[in-house]
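Got chain A sorted already, so can you dock chain B onto it with the hints?
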Amino acid sequence: MTAQTGLQPDLRGADRGLGRARGSERAAGRLFQGLLMGCLAFGVLVLVVLLTDVIRDGLPRFNLDLVRNMPSGRPARAGIQSAMMGTIWVIVTVAVITLPLGVAAAVYLEEYADKTRWYNRAIELNIQNLAAVPSVVYGILGLAFFNRAAGFGGSVLTIALTLSLLVLPIVIISCREAIRAIPTSIRDGSLALGATRLQTVRRQILPNAIPGTATGSILALSRAIGEAAPILIAASGIIFLTRNPTDLLSQATVLPIQIFNYVSRPQEEFRVVAAAGIMVLLLILLLMNATAILIRNKYQRKW
Amino acid sequence: MTSLLAHREPGPSTAELSRSLRKSSPRWGERAVESLLFLAAVLSVLTTIGIVLSLLDGTLAFFREIGVGEFLLGTVWTPLFADGSFGVLPIMSATLLITAIAMVVAAPLGLGAALYLSEYAGTRSRKILKPVLEVLAGIPTVVYGFFAISFVTPSVLRPLLGEGSVGIFNALSAGLVIGVLIIPIIASLSEDALSAVPQAMRDGALALGATRTKVARKVVLPAALSGVIASFVLALSRGIGETMVAVIAAGSIAQLTLDPREPMQTMTAFIAQAASGDQPTGSLGYNTLFAVGALLFLLTLLVNVVSIRLVRRFREVYE
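Protein sequence lines correspond, in order, to chains A and B.
Throughout, the numbering used here is defined as the position within the first sequence, counted from one, plus 183.
Throughout, the numbering used here is defined as the position within the second sequence, counted from one, plus 27.
Mixed in with the good hints, there may be bad ones.
Stated by the list, open to error - In silico DSBU-like links for lysine-lysine, alpha-carbon gap of 35 Å or less:
(1) B/Lys-157 to A/Lys-298
(2) B/Lys-157 to A/Lys-481
(3) A/Lys-485 to B/Lys-241
Stated by the list, open to error - Incomplete in silico selection of chain B near chain A, CB under 10 Å:
(4) Pro-53
(5) Gly-56
(6) Gly-85
(7) Ala-140
(8) Glu-146
(9) Ile-166
(10) Ser-177
No lab work stands behind these hints: they were computed from the structure.
Don't be surprised by glycine CBs; every beta carbon is placed ideally from N, CA and C.
So that you can see chain A by itself, here it is in the shape it has in the complex (with noise of 0.2 Å):
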């Protein structure tokens, strides 16, 4: 056990305390002490047995062929190219919705919303529920409205739109936490100076909540990238694509996709092809998540 630190009582000798606890009490606080340590183990030991079983299966494809090659119906050629096209052309078309819309709603309800007001009460209550929507609704709502109401098809359209309504309430509650923690002192300092409201926003506000936002935001597209299961609804079939995506109207897959679609064939030869394809992605996400961290504890100020 580390070290305890700061005003936290240091209770290694509470057991022993008054010479109250008997040698067995003694030794069933070890016991319980140790389960629990187990319980946390077990975390860290799948995820070293899952990285260690994709990686093991993974590497004889991990190399510049698979993601230079097309996917294919042949696993010695099978690459992911589209599929990688596919997920860029996706995320930046999110990141061009989600990020102007979630931090307007941002500011809208941390500077402007009268608490009192029945609506600005609903509005946020309805983020708050949004946030627990199963990931397939979201999915089922892209299939009715973006693929065959508004007649997108399984376009990079689509895809983008289902998943920025999927985000936009992380990227909300990110941004909302980055503007709550710019202190009130700000905000009035540059009211009495004869700002306006918007001039406040513009230049106290919404520049001292960038990194925080950034931080979420990038943790936001990161789930994005990962989702499966509301693109499969949403783009309704469209798994298996030979071309890059040339427009937001053109029809597209993404890295998910692709690897569901290796892992639910039966040769064993795609798996490994799967496996390569989930070492590409988590890279990626390990990038973006390291970005997101390094912009946290570079830029974020404490006031």
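Just chain B now, kept in the frame of chain A:
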């Protein structure tokens, strides 16, 4: 900044102040921006309305052809066949069984991890261990599906239960892996609840001669019970809604059985299968997807409502 404000001169009277702060002229630009921002916030409400409308439309069309009783009580599920039957019980029981297996795994492990983090771990080990849980939570579900089918079934279940005991697709591997997937939800939310219990309560119990085990089990855990239950319920609704692991590891055979070694299709897996089949808009197969989606939506809603009630009932408020 703050010191400047603190040492200011006594200000003008309230009457003067309200006159000086009166708007000189309506600032239309400011108003326009505020309305735009409001619209962005309203979009989330439109999303909810969109979800309800899209589900309702297809579901009503479905029930014009299929009776509610036949849907809810039927025991055979073959909706995508010509002349199929529409009894939802097989896929509903599969969802509940797999979620139950997941909760059996995740509830004790998640709570145990949370108790360790809040009651035993030092600041330094917590700094290392919490990110591990976050990584576990950030892994895409399709990867967990791959893990279930490429590791859990062949390398864990078959050696433990006997070589011929489980097929490639089985509910057990899906349930176990979904359990792992929801451990971080329970662990991190429960840890928040446990850490929020005032230190004075622990100190008091320790001063009365309780051991640390007793403090954790008899003082901290009961005090944080509402938060712990809330974390369980959130994990439960996440398990019900989980799709990719069920699709990949549990298979696509809808059968009414409680044997976890059998392949079975969950509600979410059916939705995914029906959607990838490219059903024509308005066909019965297409509408079935919406009926199942509506049922899933109601199920998670019910779970959330129950959780809010439970939390209210067990909540203990300190200071």
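Here's how the hints hold up against the structure:
no.: 1; hint: B/Lys-157 to A/Lys-298; in the structure: holds, 34 Å
no.: 2; hint: B/Lys-157 to A/Lys-481; in the structure: holds, 21 Å
no.: 3; hint: A/Lys-485 to B/Lys-241; in the structure: violated, 38 Å
no.: 4; hint: Pro-53; in the structure: violated, 12 Å
no.: 5; hint: Gly-56; in the structure: holds, 7 Å
no.: 6; hint: Gly-85; in the structure: holds, 7 Å
no.: 7; hint: Ala-140; in the structure: holds, 4 Å
no.: 8; hint: Glu-146; in the structure: holds, 8 Å
no.: 9; hint: Ile-166; in the structure: holds, 7 Å
no.: 10; hint: Ser-177; in the structure: holds, 6 Å
When the structure is compared with the earlier hints, violations turn up for hints 3, 4 and for no others.
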